[in-house]
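Peer 1: Sequence:
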Amino acid sequence: MRRPVVLRRQAALATAAVVIAAGVALPTPQASAAVGNATGYATQNGGTTGGAGGQTVRASTGTAIHAALCGRASSSTPITIEVTGTINHGNTSKVSGSSCNTAAGVIELKQISNVTIIGVGSGAVFDQLGIHIRDSSNIIIQNVTVRNVKKSGSPTSNGGDAIGMESTVRNVWVDHVTLEASGGESEGYDGLFDMKDNTQYVTLSYSILRNSGRGGLVGSSESDLSNGFITYHHNLYENIDSRTPLLRGGVAHIYNNHYVSLHESGINSRAGARAKVENNYFRDSKDVLGTFYTNERGYWQVAGNVFDNVTWSSAGSENYPAGPNPTSNTTVSIPYSYSLDGASCVPDIVRQTVGANTGLKVSNGSCSPQTPPPTTPPPTTPPPTTPPPTTPPPTSGTNLSLGAGADGSSKASGTSYGNVRDGNLSTYWSPAGSTGTISIKWGSATQVSRVVIREPSGTQGSIGAWQLINNDNGAVLASGSGAGSITFSAAAMTKINFKINSSGGTPRVGEFETYAS
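FYI, in mature numbering (1 follows the signal peptide of the UniProt record, and there is no 0) the residues of the sequence shown are -33 to -1, 1 to 484.
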């Protein structure tokens, strides 16, 4: 697999020393703007530039942020607010002025435009304090953490949303932020990233959304269909119950995101919403795409996604999962240019780039999985009861496992089903015990007549007796012991199982390659 290429944004954060007295924001010696340029739908409708070209001020309290907004010549005068330190209820008060409309207990961006809020220094944390965007346009939020915002309990802020937008909002770019909670609705939290009541042309990029019952929504109800043109790319959704996101009407473009541990549902397209879902990596999750909790169906166009240990519920009233073999039921035309990383590259790219205070790194969009050259295992002396492992011959033809799905009977800690078809011998799958099954699966019947089982370097000889099974009809295609190349009479199937019945320790499968001939 070609290693992912990660770039630092060309612009640098302002580092000039600034005098801050009593939490009042003062101008920095030179103006600065957000790092990099907006992407996705935020580039449409005239684009999103935030406070570019305006004054830059530094703020270490919520009150200072409000004072900076209120100190402008007008509500549309461009401004960049560099934020440092912890912003909380104790230092966030309402400030009045002709160019602002603020409130205590929330960062209020209301009836304004042309604003950038960017974290600098050792970081900016909005602690139990949400960011509310209302009746506003051309807003950039970058490099900040927003955590534990509650709608019930104490203290409360922003209806429980980390970042919430509503009531005629246009052109917002949220980038390299960390949005997190400490539970779900029963613990007092709501959504991490919500849009409603005519919010359009928004991009969420290179961000972390985690540890919440709800990732976010587009549209507050089945009748709130005025929202749309939202892009989500290169984000990490982790340990979330649902809404990653929930879409009601409108159009969304969802690509190169990594989804881990979605407990109830993931992308929920409903009420006529149309989503283009491409080259994402879904792992250890349930019902990651479909229409859920309603009979008002939505639509999706899918391509290039990886489903690693994803489970799917049965279809029924108010439950219409797209899997287990998701196919497109609409087409979505994207009006802007973008570069796709291969889905198998996404976990590594996302790990290196997302969230606040991680260097504002981005991918160049050129990573694609490739089949590595065959590896000749070094000579080994196997246990007397285990035949020597065979060296797989050089492969020919297309490895059908690349881009396919994978699952199995169990997996040891630190391993993944998807590792056996990522083209990388440094990753692998092991069962939770000494025996187990690993499977490759396709969305439609696929002709297979040869399999190559590769063990990671340095671990040869751990696989004992095995059976290769056509999962569709239970037929045993071949049996033997040790890793290597396995040929059998060609058969069409949607899933093939490599069942390890004995081992000389902990068996490891680095690659489970499949070929038509």
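Derived by calculation from the structure, the hints in this document are not laboratory data. Just so you know, not all the hints are guaranteed correct.
Here are the computed lysine-lysine pairs in the DSS-like style, where the Cα-Cα straight-line distance is at most 27 Å [claimed, not checked]:
#, residue 1, residue 2
1, Lys408, Lys378
2, Lys466, Lys408
3, Lys118, Lys243
4, Lys61, Lys118
5, Lys61, Lys77
6, Lys328, Lys378
7, Lys253, Lys77
8, Lys462, Lys328
9, Lys243, Lys378
10, Lys466, Lys243
11, Lys408, Lys328
12, Lys61, Lys253
13, Lys253, Lys378
14, Lys243, Lys253
15, Lys328, Lys466
All values reported here derive from a predicted model rather than from experimental measurement.
Peer 1: Lysine 61 and lysine 77: Cα distance at most 27 Å?
Peer 2: Roughly 12 Å between the alpha carbons, so the hint for lysine 61 and lysine 77 holds.
Peer 1: Take the C-alpha atoms of lysine 243 and lysine 378, compute the straight-line distance between them, and say whether it is at most 27 Å.
Peer 2: violated, 31 Å
Peer 1: So if I understand the rule, the pair passes when the alpha-carbon distance is 27 Å or less; does lysine 61 with lysine 118 pass?
Peer 2: holds, 19 Å
Peer 1: Do the alpha carbons of lysine 61 and lysine 253 lie within 27 Å of each other, as the hint requires?
Peer 2: Since the Cα atoms of lysine 61 and lysine 253 sit roughly 43 Å apart, the hinted pair is violated (cutoff 27 Å).
Peer 1: Do the alpha carbons of lysine 243 and lysine 253 lie within 27 Å of each other, as the hint requires?
Peer 2: With a Cα-Cα distance of about 19 Å, the restraint between lysine 243 and lysine 253 holds, given a limit of 27 Å.
Peer 1: Tell me if the straight-line CA distance from lysine 462 to lysine 328 falls inside 27 Å.
Peer 2: violated, 38 Å
Peer 1: Would the hint linking lysine 118 and lysine 243 be met if the CA-CA limit is 27 Å?
Peer 2: Violated, at about 32 Å.
Peer 1: So if I understand the rule, the pair passes when the alpha-carbon distance is 27 Å or less; does lysine 328 with lysine 466 pass?
Peer 2: Violated, at roughly 42 Å.
Peer 1: Is the Cα-Cα distance between lysine 466 and lysine 243 27 Å or less?
Peer 2: violated, 36 Å
Peer 1: So if I understand the rule, the pair passes when the alpha-carbon distance is 27 Å or less; does lysine 408 with lysine 328 pass?
Peer 2: Roughly 34 Å separates the two Cα atoms, so the pair is violated.
Peer 1: Lysine 328 and lysine 378 were given as a pair; does the straight-line alpha-carbon distance stay at or below 27 Å?
Peer 2: Since the Cα atoms of lysine 328 and lysine 378 sit roughly 32 Å apart, the hinted pair is violated (cutoff 27 Å).
Peer 1: Is lysine 253 close enough to lysine 77, meaning Cα to Cα at most 27 Å?
Peer 2: violated, 37 Å
Checked against the numbered hints listed earlier, the structure breaks hints 3, 6, 7, 8, 9, 10, 11, 12, 15; every other hint is satisfied.
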